[in-house]
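In terms of my numbering, the sequence shown opens at residue 0 and continues consecutively.
It should be emphasised that the hints constitute simulated quantities derived from the structure, not laboratory data.
Mixed in with the good hints there might be a few duds.
Computed cross-link-like contacts, DSBU-like style, restricted to lysine-lysine with a CA-CA straight-line distance of at most 35 angstroms [as the list claims (entries may be wrong)]:
no., residue 1, residue 2
1, K29, K75
2, K57, K75
3, K29, K57
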Amino acid sequence: MDSHEEDLLLERQLCFALSVASRSVVGAYKPVLAELGLTHPQYLVMLALWESSPRTVKDLSSSLMLEPATLSPLLKRLEAAGLLTRARSATDERALAVELTDDGVALRRRALAVPGTMMARLGLDREQAQALHGTMMALISSSSTGATVG
0 MDSHEEDLLL ERQLCFALSV ASRSVVGAYK PVLAELGLTH PQYLVMLALW
50 ESSPRTVKDL SSSLMLEPAT LSPLLKRLEA AGLLTRARSA TDERALAVEL
100 TDDGVALRRR ALAVPGTMMA RLGLDREQAQ ALHGTMMALI SSSSTGATVG
């Protein structure tokens, strides 16, 4: 089999490796996040809000690279859990402001252990995790713009 033929082997497909890695890593997060009462998508929303709260739904949607229609049910569940509130923005009635509650702010302290726990579970040190993250962000950027990764 020549190298062009080998390019079609499943084991050589970047999309396959990324898909399996994504499912595997998110699966590894599941029991860790369950201790916080969060799913992985909810954890991502909380991370964005721990960085800055209040935020508009539009801003969260952009930061998380999620459509508002996908984000809305996550926000509703987090609001029902008492971790955030949703209300019309005081500065723009058209915008929905999302803000952490005291319980949502307090959950951050418990979540501080998640990154270290996950690095240990995945057998990565901080530098390896940062390098992998940089590579993934470059892939995200190039796949959304059509540019090449250097």
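Hint check:
no.: 1; hint: K29 to K75; in the structure: 20 angstroms, holds
no.: 2; hint: K57 to K75; in the structure: 15 angstroms, holds
no.: 3; hint: K29 to K57; in the structure: 27 angstroms, holds
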